Amino acid sequence: MKRFIPTLLLVLAVGAGSRVIAQHATAFDIEDGGRAFESTCAGCHGPDGNLIAGIDFRRGVFRRPLTDAEIVAIILRGIPNTPMPATPGMNEEQATQIVAYLRSLPETFTEPSTVGDAARGQAIFAGEGQCLDCHSVAGEGSRLGPDLSRIGLDRRAAEIELSLLDPDAEIQPTNRFVTVTPRRAEPVTGRLLNHDTFTVQLMLADERLQLFEKSELRDLAFVASPMPSYRGSLDAQALADVLSYLVSLRGDSLP
Amino acid sequence: MRNFHRSLLALAFSLAASLAALPAVQAQVSFERILNAEREPENWLSYSATLDNQRYSRLDSINTRNVAELELAWVWQARSLEKFEATPLVVDGILYTVQAPNDVVALDAATGRVFWTYHHEPSPLARTCCGRVNRGLAIVGDTLFMGTIDAHLLAIDAKSGALIWDTTVADAAENYSITMAPMVVRDKVMIGTAGGDFATRGQIAAFDVATGKELWRFHTIPAPGEPGNETWAGDSWKTGGAAVWNAGAYDPESNLGFWGTGNPQPDWDGRERRGDNLYSDSVVALDVDTGELAWHFQFTPHDELDYDSTQVPVLADIVWRGEPRRVMLWANRNGLMYVLDRVTGKFLFGKPYVEVNWMDGFDANGRPQRVPGMLPSPEGTLIRPHVHGAVNWAPPSFSPRTGLFYVSHWENSGIMAIEGQFPQPVGINRRQTAMGQVNLEPFFNNDDEAYGVVRAYDPDTLEPVWEFKMTDITWGGVLTTAGDLAFGGGREGYLLGLDARSGELLWRASLGGQISSAPMSYAVNGKQFIAIAAGSALFTFVLPER
Chain A
0 MKRFIPTLLL VLAVGAGSRV IAQHATAFDI EDGGRAFEST CAGCHGPDGN LIAGIDFRRG
60 VFRRPLTDAE IVAIILRGIP NTPMPATPGM NEEQATQIVA YLRSLPETFT EPSTVGDAAR
120 GQAIFAGEGQ CLDCHSVAGE GSRLGPDLSR IGLDRRAAEI ELSLLDPDAE IQPTNRFVTV
180 TPRRAEPVTG RLLNHDTFTV QLMLADERLQ LFEKSELRDL AFVASPMPSY RGSLDAQALA
240 DVLSYLVSLR GDSLP
Chain B
0 MRNFHRSLLA LAFSLAASLA ALPAVQAQVS FERILNAERE PENWLSYSAT LDNQRYSRLD
60 SINTRNVAEL ELAWVWQARS LEKFEATPLV VDGILYTVQA PNDVVALDAA TGRVFWTYHH
120 EPSPLARTCC GRVNRGLAIV GDTLFMGTID AHLLAIDAKS GALIWDTTVA DAAENYSITM
180 APMVVRDKVM IGTAGGDFAT RGQIAAFDVA TGKELWRFHT IPAPGEPGNE TWAGDSWKTG
240 GAAVWNAGAY DPESNLGFWG TGNPQPDWDG RERRGDNLYS DSVVALDVDT GELAWHFQFT
300 PHDELDYDST QVPVLADIVW RGEPRRVMLW ANRNGLMYVL DRVTGKFLFG KPYVEVNWMD
360 GFDANGRPQR VPGMLPSPEG TLIRPHVHGA VNWAPPSFSP RTGLFYVSHW ENSGIMAIEG
420 QFPQPVGINR RQTAMGQVNL EPFFNNDDEA YGVVRAYDPD TLEPVWEFKM TDITWGGVLT
480 TAGDLAFGGG REGYLLGLDA RSGELLWRAS LGGQISSAPM SYAVNGKQFI AIAAGSALFT
540 FVLPER
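Those sequence lines, one after another, are chains A and B.
Take the first sequence: its position 111, counting from 1, is numbered 110 in numbering that gives the first Met the number 0, and each next residue is one higher.
Take the second sequence: its position 513, counting from 1, is numbered 512 in numbering that gives the first Met the number 0, and each next residue is one higher.
Worth flagging that the hints you see were computed from the coordinates, not collected in a lab.
If you're wondering where the values come from, they're calculated on a predicted model, not measured in any experiment.
Ideal placement from N, C-alpha and C gives every residue a C-beta, glycine not left out.
Where hints are given, some of them may not hold.
[To be verified] Cβ-Cβ distance ranges computed for the label pairs, FRET-style:
| no. | chain 1 | residue 1 | chain 2 | residue 2 | range |
| --- | --- | --- | --- | --- | --- |
| 1 | B | V370 | A | G77 | 41 to 51 Å |
| 2 | B | S60 | A | D132 | 50 to 60 Å |
| 3 | B | E503 | A | P186 | 27 to 37 Å |
| 4 | B | E503 | A | P181 | 15 to 25 Å |
| 5 | A | T188 | B | E68 | 36 to 46 Å |
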């Protein structure tokens, strides 16, 4: 009716017929395993499976070589006295599909072509890139745009790169900008913090928080991201440097 | 002599008048009173005020001329973080409501101060699909009735708050629960079972109000040998859902009770339950004395889109297209609005009231004609309305003064895809499920793709006469009043006071929490109150003292 997980699990439990072995996994198994990985494992291991030291599923790197059956057992029962928990409610079929997914990852993984230097990236970020005019890292910079202190945890490198090259391609609903035009004043642009039938709440360029009554506006419109594209303004090496810096931001300096 | 008679008469009148002015005239709530509740608009004796579910208050001291002056009377804070879905009852100055999941609270209706709280501790086995919620109570005599999320029905003394009896309606360990308000007709209290997203079989059962003894039980999915069982492939009837989780209606002339039924289960995958899946997504009309089925009407045969038909049935005696008719008005989750003859169950008229692309017309019996291909597909199929439907359970209203049908609902669309091997709903751009896990947040490309409305519909044409558009969607119901007002609201947490004839916004209050309930009205000592639950609290509004 309203929520789908219980039904989905039920369907999975009823629908999964014969036992699937990872080495003979179908594309369906890998796809289902990927989905289960995202919902069950990615919270700690990261969307790319590389967030825990010594483990990088993209490269097929585990702490020690493991058989499929051993990984299934770890997924189901966890590793005692470590943060790796058991997964109650998951059955062996589903754990096997996750293994199929993990085993499929190294086949598709490619290293980035340009290797960046995070220290040089940080200098560009704070300097010619003028990123701190809108963004902040660990409390330094502006609050107008998204705080990037832990962007390396929240976004994959490819997503960050896309935002550097094409800032309007994907914008979270909380990061959208609007321009409001009051009946008797100049238009104002700000980040849309909230809105409802009657009001709009913005953060203006000078970080002021301001509410506007919609009834007092002549116009209200979403506008393109104020972030410039760095395609062309930074060369490939500088872009790779900034990317390396951003990927390295994992909230370590936060309280 | 004549003068003496006059004095006596005057004395009698003044006594009667002073008695009437006392708030504490607390007579038992006979079924006669419930049946004729429109005669005492100061009270709210059943879920929608009257058993026809019109949710129309005959109080008119708050009206279009003065509603702008409404001010806060009192707030009662529930000690619960669940959605506050209950509509209160009000009986002679006492307000009864439910603190989710299953605490009954008796309050002074004028001040909001608490007389008593009855606490029910649900079994740890209780399992609900969509929140540990409760939508309200029933009362008869001095006894309140509440269904619980562990599928019990409780009778509670309305004066003391003491438990009178506790009957198990169904087994919580088998995923049955109860979230709806019960309905009392004479000596019977009737209630249905929720749990239709799990492997259950929906039921409506009647119990003796005095003892809790079961008197009849109707299964919403027929057993082998009963008509309709052939509409379920194999053993799928045993676990086919068709739950009953919202209030019913009662028609004294035919002695029929009406309840809407939920989706067939599994919700989105009909392959194992081929057939029409009776009586899922239907309204069933039962003889309340025997529980026998008089008629049924199925809105969505073989549903694979989660189009529960558990909306509150609204009954009205109206002149429909020139003829006096006893109708049932129904704005369904499937995006279609219906006028049914409630005596026979005959389909009189129906049409889409939001954008609908899964059907393109009705046959003579009101069966929707499916659009080929509007099914889950590997590449994803855009379906309107999506699994959220056009409306969920929030109660609508009918005003006999305006003759209009008031519904709070929303526009939305989304994609049904076959992901892996199974159909499931996904967000419109496939990056996210269409059913957020916590707050049912839909996912849309832009803000024009989903919005909530309060709309007034003409029953003759089912065309909207006016609409009040909201930015966010709405899970709130509608109240209309003899003051020609329509009250509504939604997730934004505004209570809206609208002109029932024009839809013009006359008053609003920002309540700071989403409205997942419906407004109601009552009076104490002649003072009219408007009540609405929002967030975790119950708010009431009155006109200022002169």
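Going through the hints against the structure:
no. : hint                          : result
1   : B:V370 <-> A:G77: 41 to 51 Å  : holds (48 Å)
2   : B:S60 <-> A:D132: 50 to 60 Å  : holds (58 Å)
3   : B:E503 <-> A:P186: 27 to 37 Å : holds (29 Å)
4   : B:E503 <-> A:P181: 15 to 25 Å : holds (24 Å)
5   : A:T188 <-> B:E68: 36 to 46 Å  : holds (38 Å)
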